[in-house]
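Peer 1: Residue numbers (my numbering), protein chains in the order written: chain W, 1 to 171; chain Z, 1001 to 1171.
Misleading hints may appear alongside valid ones.
[Unchecked claim] Okay, the calculated beta carbon distance ranges per label pair:
| no. | chain 1 | residue 1 | chain 2 | residue 2 | range |
| --- | --- | --- | --- | --- | --- |
| 1 | W | E108 | Z | R1042 | 40 to 50 Å |
| 2 | Z | E1108 | W | V160 | 37 to 47 Å |
| 3 | Z | G1165 | W | E170 | 44 to 54 Å |
| 4 | W | R94 | Z | P1111 | 28 to 38 Å |
| 5 | Z | M1001 | W | K167 | 22 to 32 Å |
| 6 | W | E60 | Z | K1097 | 35 to 45 Å |
| 7 | W | M1 | Z | G1165 | 35 to 45 Å |
| 8 | W | E108 | Z | K1099 | 24 to 34 Å |
Calculated directly from the structure, the hints in this document are not laboratory data.
We put the beta carbon where it would ideally sit given N, CA and C, even for glycine.
These are the residues of each chain, in order.
There are 2 protein chains.
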Amino acid sequence: MKILILRLGHRAGRDPRISTHCGLVARALGANGIVYSGERDRKLLESLKKVMKEWGGSFEVSYEKNYMSLIKNWKGKVAHLTMYGVPVQNVIDRVRKEKNLLVIIGGEKVPPEVYKIADWNVSVTSQPHSEIAALTIFLDRVFKGKELGKKFPEAMKRIVPQKSGKKVIEK
Amino acid sequence: MKILILRLGHRAGRDPRISTHCGLVARALGANGIVYSGERDRKLLESLKKVMKEWGGSFEVSYEKNYMSLIKNWKGKVAHLTMYGVPVQNVIDRVRKEKNLLVIIGGEKVPPEVYKIADWNVSVTSQPHSEIAALTIFLDRVFKGKELGKKFPEAMKRIVPQKSGKKVIEK
């Protein structure tokens, strides 16, 4: 299953860390790429690409100003993560059957047309929390927890898990 | 099981949104409270308390400058979430047996003494991503997904899940 994340409404001044975390989580938990919309932010893309290079794998990062055109031209289904949507546990079996999935995560205000065009508006609890947590649970449910063991080929850095302390192997 | 989150190294200027998300996620996914350390940030605590009031439940938010004293005086086990630790899937069955658990999530640099004093240093993948995602998976594994249906009594606002659009009931 190929999953692309679309992060709406990035604001370079206010959101750099949240948007960076969205990209890192998308990569670590098995998505294939992330597209940022909102303000163009070269530093954000560069810092993510640096991580990809150091830690391996083939995750793709890009920017797209016209996100509605990206959504309309997407060859596959579209899931929009929102606290107002249908519980993830109710739709995930259906979602998992798709080959190509676009997962939209919002910024502050998501326009109504996104709710309308999405095949699924999906909630991870109906409580206010975090697009990062929503994305995390969503990907975890799609991959049934197997994403936690994902390998990242051609990494320059690799961690060897330790009971205490840090062990990093560098090529 | 009672779970308290300890968020280390908050920086008022740089981290307001990440730290806010940590608190919101802790609450939404079933923890009992969060303690912030690092810089004292009254706005952060106030904005979280406002959410608690509106959305219900009994989650507790506070600040503690001397986090080592809090850890040392904790009556129960301590789990520290770090990408360098042992995979969550290897320790979670043991963790779930505890009655009182302190879960530490780091800021930029976590001092070595935290690694030493923790009963478990726990990783959620050994990839760089987000303390918000690590906390999310950790709580989800502790509660086996049941936290997604958690109720929040005495809420002033409540969402009714919709296939499209938003429905909020306000008291």
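Peer 1: With reference to the structure, classify each hint as holding or not holding.
Peer 2: A quick look at each hint next to the structure:
At about 23 Å, the CB distance of W:E108 to Z:R1042 disagrees with the hint of 40 to 50 Å. Judged by the Cβ atoms, the range 37 to 47 Å given for Z:E1108 and W:V160 is violated: they are separated by roughly 22 Å. A beta carbon spacing of about 50 Å between Z:G1165 and W:E170 agrees with the range 44 to 54 Å that was offered as a hint. For the pair W:R94 and Z:P1111, the beta carbons lie near 46 Å from each other, so the given range of 28 to 38 Å is not met.
Checked against the given bound of 22 to 32 Å, the beta carbons of Z:M1001 and W:K167, roughly 31 Å apart, stay inside it. The hinted range of 35 to 45 Å is satisfied by W:E60 and Z:K1097, whose Cβ atoms lie roughly 42 Å apart. Checking the proposed 35 to 45 Å range against W:M1 and Z:G1165 shows it is violated: the Cβ atoms sit about 28 Å from each other. The hinted window of 24 to 34 Å between W:E108 and Z:K1099 is violated, with their beta carbons roughly 40 Å apart.
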